[in-house]
Amino acid sequence: MDQKKTKVLMFGTFDILHPGHIKIFSEAAKLGDELYVVVARDATVEKVKGRKTHYDEQTRLMHIRAVTCITKVMLGSLDDKYAILDIVKPDIIALGYDQKFFIDKLEEELVKRNLKTKIIHLGPYKPQIYKSSKIRAKLDSNA
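Each residue of the sequence shown is one higher than the last, beginning at 35 in our numbering.
Worth flagging that the hints you see were computed from the coordinates, not collected in a lab.
Incorrect hints may appear among the rest.
[To be verified] Pairs of lysine to any residue residues, derived as SDA-like cross-links and limited to a Cα-Cα distance of at most 25 Å, are as follows:
id, residue 1, residue 2
1, 81, 143
2, 123, 46
3, 57, 98
4, 139, 79
5, 152, 47
6, 115, 91
7, 64, 112
From just these sequences and the hints, can you work out the full model?
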């Protein structure tokens, strides 16, 4: 009889891949057997964050695919950003320490889809150095 694999899901922009991202991917991978990562679409980032990304979605997708502890990397949906829940049916959703703004909606969507998914917040890794907004600001100041 096959043992059910524990699926962990993460999602984010992952604009400028840095050691903080690698650390949270590694921590998330330890929570289960398979790690799925959803990369936010360019249009979604512009709508939610009000700015363009440094790297386009295809480049960010390629960067994340290079991380070996990740089982599968995919782009988010432009129509329904929660559709991935029906596809992956995660046991755990691992969020970064700074991903707090959509938790209520996420919990609501899990209930609506009858999923008993556990939401876990991962701790930061040297956020004074490894935070995308700080890295982006430094890159912009050197341009």
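Outcome of the hint check:
1. 81 with 143: holds (20 Å)
2. 123 with 46: Given pair residue 123, residue 46 holds - Cα atoms ~18 Å apart, limit 25 Å.
3. 57 with 98: holds (13 Å)
4. 139 with 79: holds (17 Å)
5. 152 with 47: holds (21 Å)
6. 115 with 91: holds (15 Å)
7. 64 with 112: violated (29 Å)
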